[in-house]
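**Q** Listed below, chain by chain, are the residues.
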Amino acid sequence: MIVALEIENLAVARGDRLLFKGFGLALGAGEAVALTGRNGAGKTSLLRAIAGMIRPSAGRVAFRSAHGELPAEDARTRDLHLIGHQDGLKPGRTAWDELKFQVAWTGGTIASAEAACERLDLMRLRALEVRKLSAGQRRRLALARLVASPRRLWLLDEPLAPLDAERRNIFGALMREHLAADGLILAAVHDPLPIPARSAELTS
Amino acid sequence: MIAALANPRAFMRFSRWAAPTLGAIAAVLAAAGLWLDFTARPDYQQGYTVHIMFIHVPAAWMSLFVYGCLGVASFLGLVFRHALADAAARAAAPLGAGFTLLALATGSLWGRPMWGTWWVWDARLTSVLVLFLFYLGYMALDAAIDDEARASRACAILALVGLINLPIVHYSVVWWNTLHQGSSVFRADGPAMPLSYLAPLLTLTLAYMAAFGALWLVRIRSEVWRRRAAVLALRAAG
Amino acid sequence: MSGFGVLLRRELALSWGRGGGPLLALAFYAATATLLPLAMGPEPARLAAIAPGSAWLALALASLLSLERLFERDYEDGALDLLALGPAPLELAAFAKCLAQWITAGAPLAVLAPVVAIALGAPPSLAPMIAVTALVGGIGFSFCGGIGAALSLGSRRGGVLIAVIVLPLFAPPVIFGAGAIDAYAAGLDWKTGLMLLSAYSLATLALGPFAMAAACRNALS
Chain A
223 MIVALEIENL AVARGDRLLF KGFGLALGAG EAVALTGRNG AGKTSLLRAI
273 AGMIRPSAGR VAFRSAHGEL PAEDARTRDL HLIGHQDGLK PGRTAWDELK
323 FQVAWTGGTI ASAEAACERL DLMRLRALEV RKLSAGQRRR LALARLVASP
373 RRLWLLDEPL APLDAERRNI FGALMREHLA ADGLILAAVH DPLPIPARSA
423 ELTS
Chain B
108 MIAALANPRA FMRFSRWAAP TLGAIAAVLA AAGLWLDFTA RPDYQQGYTV
158 HIMFIHVPAA WMSLFVYGCL GVASFLGLVF RHALADAAAR AAAPLGAGFT
208 LLALATGSLW GRPMWGTWWV WDARLTSVLV LFLFYLGYMA LDAAIDDEAR
258 ASRACAILAL VGLINLPIVH YSVVWWNTLH QGSSVFRADG PAMPLSYLAP
308 LLTLTLAYMA AFGALWLVRI RSEVWRRRAA VLALRAAG
Chain C
67 MSGFGVLLRR ELALSWGRGG GPLLALAFYA ATATLLPLAM GPEPARLAAI
117 APGSAWLALA LASLLSLERL FERDYEDGAL DLLALGPAPL ELAAFAKCLA
167 QWITAGAPLA VLAPVVAIAL GAPPSLAPMI AVTALVGGIG FSFCGGIGAA
217 LSLGSRRGGV LIAVIVLPLF APPVIFGAGA IDAYAAGLDW KTGLMLLSAY
267 SLATLALGPF AMAAACRNAL S
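Chains as they are written, first to last, in the working numbering: chain A, 223 to 426; chain B, 108 to 345; chain C, 67 to 287.
One chain only, chain A, in its complex shape (with noise of 0.2 Å):
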């Protein structure tokens, strides 16, 4: 169970081009960071170096747990939501469907998925094909899982962005909870996040 995310020094490039270099960062539970920085810093790259799938030029990432250092690898594949631009639902399948496997395969249940097909607002989708659903309630099902699964750390790349006002605050207080609940919230965004965070800026 991650209690503590640690970035030391830590420098990304992608192909020839230095992204950004000396980036450090403390993350401990129940905190939430917004992860500012202009298009083309290298936010999407540095959430995806925490995850471990791009490999950093220079520093380190390093995960803690209640007993110390936990494996990379652990805590990749056990504790930790990507939520990315895109959301890895296939169009021909049912909402219901995709939710239900996403949710498996990081380590819910049924009945969690369908507490947060309620909370979500999800409940009339849910047996409609992925490919009828609009821009937000893809995004709304794509989010499901981070309340269906219980990972501690959750790494967002611009979240809410197709999500209207009131949605916003649905998952904002579902931010909230999870907070409360001794998650880490790393969040990539433009604008502010729905609920208090610290600000990490990213420049190259």
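In short, the hints are calculated from the structure, not lab data. Some hints here could point you the wrong way.
[To be verified] From the structure, some residues in chain A lie toward chain C, with a derived Cβ separation under 7 Å:
1) I229
2) A233
3) I276
4) R286
5) S287
6) L304
7) F323
8) A326
9) W327
From a predicted model like this one, the values you see are computed outputs, not experimental measurements. Using N, Cα and C, we set each Cβ at its ideal position, and we do this for glycine too.
Using the hints provided, position chains B and C relative to the given structure of chain A.
**A** Coordinates of chains B and C only, in the frame set by chain A:
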């Protein structure tokens, strides 16, 4: 020595004198080899076609040798994530394809008067053909992926898979031929080599190796320069 | 291993549900097999001689069809990210994908293979052998094809590139499989051929996922 060359600056210093030197050696050996080739006494069996053999056999050896070099460079690039090793592997591929094509073409030319056919599906020829297809696939993959680091790793994985595959292909054709011809396996290299043939053969082999060395170093150098230029251009663009 | 079960079921549903399941591959197989007598001339003796081999070759080509979608879709829509962060390692995910591919496309093709071969003029007595070799060889085609599909992720050329990469890898199963059928037809030792084919298929099954996972991680980076 490989470790010493791993530093790009050290490599560039080394290749600056090594490449032209190898090129000169290659030219000298090639001239000597060809002279020995054309003054070799025609074999009573092979007749005048033996002249082609001296060009063909070293080319076939080189196609495998380059494949080995490519495999080692790929492995080093994968394991140590070394950009120079990656560049070396990708630079070697067209050279390997060239040698393989030379081997296939001269082999056909040699085979026609020898055995009356342009091609035969024995283990050795089929393996060389599959090797040529592998080189083509490798170069296609390299060209198709835009991001260089990704292209290098993908090609390196392909190289290692192909390295395991080639002996299997060779063995499979051996087995297939035993099915169809009983125990007499077709021998593609003809009778044993008389001593007077060894001289031109070895000379041309060394010439090919020196030529490969020179061309390989030149290609890696140009890759290093290209990357430096790209980095500078990006930096200038801000 | 519950993660693997969940994933396998999903992959089966996805491969089956897409565009009519195996129908596309089967139709392609039948179409290529139809072109063959048109190209070779209808003389029965000549066709009969090459029938098993051609059926086998067309099978290999038909196996290439659905490879492009094996990893590419997941890579494009972000599902591969999710697979990389799940309870089962990426190797197991790759294994599940290729296994699902074999079950939904390779196996139906293997059932059609003897029919195609007989339609081309092979003696019906060869049918069981053709079916078995097609089934076993299909594993090799699925897993080798998966390696090609994973390597060309994120590239610009897609399907044709996969074929060019993968065809050298298809050479051994084609040789072993067709050779085994030939041996069976001629009354020679066919067991060796079948064993070699099985060994190759098992090797690709065991080793292929490692190459595929490495290629996927490379594409995600």
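**Q** Next, verify each hint and record whether it holds.
**A** Right, here's what the structure says about each hint:
1. I229: At 18 Å from the nearest chain C Cβ, I229(A) fails the 7 Å test, so the hint is violated.
2. A233: With Cβ-Cβ at 15 Å, over 7 Å, it is violated.
3. I276: Holds - the Cβ of I276(A) comes within 7 Å of chain C, reaching about 5 Å at its closest.
4. R286: This hint is violated: R286(A) lies away from chain C, its Cβ roughly 19 Å from the closest one there, beyond 7 Å.
5. S287: violated, 18 Å
6. L304: Since the shortest Cβ distance to chain C is 6 Å, the answer is holds.
7. F323: At 5 Å from the nearest chain C Cβ, F323(A) passes the 7 Å test, so the hint holds.
8. A326: OK, holds: A326(A) within 7 Å of chain C, min 5 Å.
9. W327: For W327(A), the interface hint holds, since the closest Cβ of chain C sits about 5 Å away, which is under 7 Å.
Hints 1, 2, 4 and 5 from the earlier list are contradicted by this structure; the remaining hints agree with it.
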